Amino acid sequence: MATIVAEPTGVPVVEEHHEMSFIRKYIFSSDHKVIGIQFLFLSLFFLLMGGLLAMLMRWQLAWPGRPMPFGGLFPETMAPDGIMLPEFYISLVTMHGTFMVFFAIMLLLVGVFANYLIPLQIGAPDMAFPRLNMLSFWTAVPAGLIALASFAVEGGAAGAGWTSYAPLSAMPEYSGVSMGQQMWIVSLVLLGLSSILGSTNYITTVINMRAPGMTWMRMPLTVWALFVTAILGLLAMPVLSGGLIMLLFDQTIGTHFFLAETGGQPLLWQHLFWFFGHPEVYILILPAMGFVSEILAVGSRKPVFGYKAMVGAIVAIAVLGFMVWGHHMFQSGMNPLLGTSFMVSTLVIAVPSAIKTFNWMGTMWRGNLHFHTPMLFAIGFVMLFVIGGLSGIFMASAPFDIFIHDTYFIVAHIHYVLFGGALFAIFAAIYYWFPKMFGRMMNDRWGKIHFALTFIFFNLVFFPMHTQGLAGMMRRLYDTSGYTHTADLQGTHLLITISAFALFATGAIFAINFFWSMFKGEKAPPNPWNATSLEWQTPSPPRHGNWEQAPVVYHGPHEYSHPDVTDKDWLAQNERPDVVSPARH
Amino acid sequence: MNWSLPENIATYGGKIDAIFWVITVVTGIAFVLVEVGIIWFCIKYRRREGQRAFYTHGSKSLEILWTAVPALAMVALGLYSASVWAQIKGRNSAPSESLHIAVSAKQFEWNVTYAGADEVLGTSDDFSTRNQLHFPAHRPILVWLESEDVLHSFFIPQLRVKQDAVPGMTIPVWFEATKAGDYQIGCAELCGLGHYRMRARVKIYEPAAYEVWVEEQIAAREASAEPTALATVNEHSAGGM
Numbered sequence: 001m002a003t004i005v006a007e008p009t010g011v012p013v014v015e016e017h018h019e020m021s022f023i024r025k026y027i028f029s030s031d032h033k034v035i036g037i038q039f040l041f042l043s044l045f046f047l048l049m050g051g052l053l054a055m056l057m058r059w060q061l062a063w064p065g066r067p068m069p070f071g072g073l074f075p076e077t078m079a080p081d082g083i084m085l086p087e088f089y090i091s092l093v094t095m096h097g098t099f100m101v102f103f104a105i106m107l108l109l110v111g112v113f114a115n116y117l118i119p120l121q122i123g124a125p126d127m128a129f130p131r132l133n134m135l136s137f138w139t140a141v142p143a144g145l146i147a148l149a150s151f152a153v154e155g156g157a158a159g160a161g162w163t164s165y166a167p168l169s170a171m172p173e174y175s176g177v178s179m180g181q182q183m184w185i186v187s188l189v190l191l192g193l194s195s196i197l198g199s200t201n202y203i204t205t206v207i208n209m210r211a212p213g214m215t216w217m218r219m220p221l222t223v224w225a226l227f228v229t230a231i232l233g234l235l236a237m238p239v240l241s242g243g244l245i246m247l248l249f250d251q252t253i254g255t256h257f258f259l260a261e262t263g264g265q266p267l268l269w270q271h272l273f274w275f276f277g278h279p280e281v282y283i284l285i286l287p288a289m290g291f292v293s294e295i296l297a298v299g300s301r302k303p304v305f306g307y308k309a310m311v312g313a314i315v316a317i318a319v320l321g322f323m324v325w326g327h328h329m330f331q332s333g334m335n336p337l338l339g340t341s342f343m344v345s346t347l348v349i350a351v352p353s354a355i356k357t358f359n360w361m362g363t364m365w366r367g368n369l370h371f372h373t374p375m376l377f378a379i380g381f382v383m384l385f386v387i388g389g390l391s392g393i394f395m396a397s398a399p400f401d402i403f404i405h406d407t408y409f410i411v412a413h414i415h416y417v418l419f420g421g422a423l424f425a426i427f428a429a430i431y432y433w434f435p436k437m438f439g440r441m442m443n444d445r446w447g448k449i450h451f452a453l454t455f456i457f458f459n460l461v462f463f464p465m466h467t468q469g470l471a472g473m474m475r476r477l478y479d480t481s482g483y484t485h486t487a488d489l490q491g492t493h494l495l496i497t498i499s500a501f502a503l504f505a506t507g508a509i510f511a512i513n514f515f516w517s518m519f520k521g522e523k524a525p526p527n528p529w530n531a532t533s534l535e536w537q538t539p540s541p542p543r544h545g546n547w548e549q550a551p552v553v554y555h556g557p558h559e560y561s562h563p564d565v566t567d568k569d570w571l572a573q574n575e576r577p578d579v580v581s582p583a584r585h
Numbered sequence: 586m587n588w589s590l591p592e593n594i595a596t597y598g599g600k601i602d603a604i605f606w607v608i609t610v611v612t613g614i615a616f617v618l619v620e621v622g623i624i625w626f627c628i629k630y631r632r633r634e635g636q637r638a639f640y641t642h643g644s645k646s647l648e649i650l651w652t653a654v655p656a657l658a659m660v661a662l663g664l665y666s667a668s669v670w671a672q673i674k675g676r677n678s679a680p681s682e683s684l685h686i687a688v689s690a691k692q693f694e695w696n697v698t699y700a701g702a703d704e705v706l707g708t709s710d711d712f713s714t715r716n717q718l719h720f721p722a723h724r725p726i727l728v729w730l731e732s733e734d735v736l737h738s739f740f741i742p743q744l745r746v747k748q749d750a751v752p753g754m755t756i757p758v759w760f761e762a763t764k765a766g767d768y769q770i771g772c773a774e775l776c777g778l779g780h781y782r783m784r785a786r787v788k789i790y791e792p793a794a795y796e797v798w799v800e801e802q803i804a805a806r807e808a809s810a811e812p813t814a815l816a817t818v819n820e821h822s823a824g825g826m
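The listed protein sequences derive, respectively, from chains A and B. So for the first sequence, this note's numbering puts the first residue at 1; every next one is plus one. So for the second sequence, this note's numbering puts the first residue at 586; every next one is plus one.
In short, the hints are calculated from the structure, not lab data. Note that the structure is predicted; figures quoted are calculated from it, not measured. Even glycine gets a Cβ: it sits at the ideal position worked out from N, Cα and C. A portion of the hints provided could be inaccurate.
Claimed, not checked - Covered stretches of chain A (chain B as the covering partner; in silico rule of three or more C-beta atoms under 8 Å from a C-beta of chain B):
hint, stretch
1, 265-272
2, 341-354
3, 383-390
4, 398-409
5, 557-566
To be verified - Below, simulated DSS-like cross-link-like pairs (lysine-lysine); rule was C-alpha separation at most 30 Å, straight line:
hint, chain 1, residue 1, chain 2, residue 2
6, A, Lys568, B, Lys764
7, B, Lys788, B, Lys764
8, A, Lys568, A, Lys448
9, B, Lys764, B, Lys691
10, A, Lys308, B, Lys764
11, A, Lys448, A, Lys520
12, A, Lys520, A, Lys25
13, A, Lys25, A, Lys523
14, A, Lys448, A, Lys523
15, B, Lys629, B, Lys645
16, B, Lys629, A, Lys448
17, B, Lys645, A, Lys308
18, A, Lys568, B, Lys645
Unchecked claim - Just the calculated beta-carbon pair ranges, DEER-fashion:
hint, chain 1, residue 1, chain 2, residue 2, range
19, B, Gly622, A, Phe41, 37 to 43 Å
20, A, Glu154, B, Gly622, 37 to 43 Å
21, B, Ala810, A, Gly491, 47 to 53 Å
22, A, Glu154, B, Val705, 47 to 53 Å
23, A, Leu268, B, Ser668, 26 to 32 Å
24, A, Gly82, B, Ile628, 17 to 23 Å
With the hints as constraints, model all of the structure from the sequences given.
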């Protein structure tokens, strides 16, 4: 057991500890690095699960009513004779969204990287509350297992969409799902607890445990993004938990918060869900933006362009993110005047994202660009996130949203920001920080192949969905053949499905590289990327407690190609106190 | 790949489509500038022996420029959109000469009630159809939308009309068709396992022909109300086409 002692200088030092058992070291560990890696395995597993569900959905859309390969493995309640039932399709839609949003992307961005990076990047030996951190991981695990297990109960898994609108979600007589919907709620309440515990830790650690000299404006943008994200989570998650419990009560103990038949208001669910849900989607993008800012700077050998503006934009997105939730409800039947006010705030929030995009381009401009795998995925993020952001402008206009709401245009937008955006940034981050985590490099050539194929197939899958939406194709349809306005789309369904299968298969390249490299990859030096931030100024992987002694910080986080440093093109945050930075040039 | 909307047969559809095309052009320009810019930078600034990056922390004037320009664009879009929104979805935006029709959604069908000869809903000459919506072109139609069970959404793509149906609420939604023809209602809010087949036939008539249809419907119901009815009313269709 290691203890952290405050020295008279205020610089924390880790005392020597005795050997811990395998279980204390790797299973029930309070070391933030181990916990981050545990989240990595958990979340990559759910990324695979979410992807499998999507493959099943895509089969049905391309070949409606046709028996699936290995369809005989499915029970009668899901796919009699291997032909998917509509109710199973809807559970797939619901759980694909649930797994991907809550158990894959959120855990990958926050559970993995907030845990792994925050103490390392601010020069701290661990989180403020290491045991609370352990609890945060071990509540996420049962949450995920309950969600998985819900497929096996009578009535199947939840079937009201990942947004779980009431009254459908509250009433088994309308949805056909009873236990599965309740398990969905319990799973998310547990996950919310995990997230809130995590947020508490991240916020406290960043405020209180920065190493000497690590001022707020010297923190890497990754830390800023994760810090602000943690605040979003702390404020938004409890609203979801509250709403979920109200929904559970409506289902089980006879309350009627959302049930019109007994005097409740279905729109209340939507307000509660989206008051959480909109900050949630910023939780799902801000850390990604932080990673990309950092990796672009490293790869371009230049400071981040407009660091202060970037911090301002992160904060603006977070604050405004609490004021736009009604744009999910323009056509809901709420007072049209609310439509107007939410439209205004939604259009405003487009501006900070635009600012960030231009600053990313500014970071690359006149750089000395190194196209290793993390840099490729970071550039890919900017190219694809832009498309997702621009498509959002169409929906921000409430009158155009009349047509486009609940069509595949929205599905396209969601996937450009969550996959083209968040997941590309996650891949960048994994390739980038893998050497620090495991002491070995991932194979760069296979990484580049993974990037190229993912980029190509991703666009083939999701770009056509914009046009399907513009044709008026609605969401969550088991079969589109009954509508004249979607009659021409079967060819597009086929193109998307084949590309989706190819995209899924491409994931194998990543998976093999990931696991093989963990054991057989080229040994990694402390700083394979010649990066300036503190985590690279300690061995790969770092010792328990991260540093012998806390580092002292003299410079900003992205001092690349400093004119007064001529022997190399980077200046670590904790070296050369004699150099003035930022340089006055 | 077709970047366009379905045929527009709504009087206010032109305004909605205009917003679409303006946004397409503006975002299209932004898209090209950003993507081409990034690819250009990748080519021009790729690492070269002896090359060093240009050390800078940014530019205040550029920050102001690329904050102000998007902000102005958003303000302009917001002002125009707010005006169109009020005209279409405003609480009292339906024209006073509208023909009132009640539409009640339920799993998985659309039940339509017409006002009959007196053009007032809720009177004894009202009549209903299931999964069929009949109305005249060239006249505003005001639908009073309800749901019997869960959320549904009333969507006719060519009329650019969409409104969620909420149990416990009666929501007005209006539109006016510029021509006659055959279309469909599609449900645009997940409502259960039959969501994908919750469609109804929409038949839009020339005004004179609509009068004839109304009279036929009333006559048929009067006839079937007689104990020795000769005519049977086939007001049911199979769910959709």
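Now for the hints, and whether the structure bears them out:
1. 265-272: holds (count 3)
2. 341-354: holds (count 7)
3. 383-390: holds (count 4)
4. 398-409: holds (count 8)
5. 557-566: holds (count 4)
6. A/Lys568 to B/Lys764: The given pair, whose Cα atoms are some 72 Å apart, is violated under the 30 Å limit.
7. B/Lys788 to B/Lys764: 11 Å, holds
8. A/Lys568 to A/Lys448: 26 Å, holds
9. B/Lys764 to B/Lys691: 28 Å, holds
10. A/Lys308 to B/Lys764: The given pair, whose Cα atoms are some 56 Å apart, is violated under the 30 Å limit.
11. A/Lys448 to A/Lys520: Holds: lysine 448 of chain A and lysine 520 of chain A sit about 19 Å apart, inside 30 Å.
12. A/Lys520 to A/Lys25: Between lysine 520 of chain A and lysine 25 of chain A the Cα gap is close to 22 Å, so the pair holds against 30 Å.
13. A/Lys25 to A/Lys523: 22 Å, holds
14. A/Lys448 to A/Lys523: It holds: about 19 Å lies between the C-alpha atoms, which stays within 30 Å.
15. B/Lys629 to B/Lys645: OK: lysine 629 of chain B and lysine 645 of chain B at ~24 Å, within 30 Å.
16. B/Lys629 to A/Lys448: Holds, because 20 Å separates the two Cα atoms, which is no more than 30 Å.
17. B/Lys645 to A/Lys308: Judged against 30 Å, a Cα distance of about 10 Å means the pair holds.
18. A/Lys568 to B/Lys645: 28 Å, holds
19. B/Gly622 to A/Phe41: 37 to 43 Å: 38 Å, holds
20. A/Glu154 to B/Gly622: 37 to 43 Å: Roughly 55 Å apart at Cβ, these two residues miss the hinted range, so it is violated.
21. B/Ala810 to A/Gly491: 47 to 53 Å: For glycine 491 of chain A against alanine 810 of chain B, whose Cβ atoms are near 50 Å apart, the range 47 to 53 Å holds.
22. A/Glu154 to B/Val705: 47 to 53 Å: 49 Å, holds
23. A/Leu268 to B/Ser668: 26 to 32 Å: Holds - the Cβ-Cβ distance for leucine 268 of chain A and serine 668 of chain B, about 30 Å, lies within 26 to 32 Å.
24. A/Gly82 to B/Ile628: 17 to 23 Å: The hinted range 17 to 23 Å is violated for glycine 82 of chain A and isoleucine 628 of chain B, with Cβ atoms some 50 Å apart.
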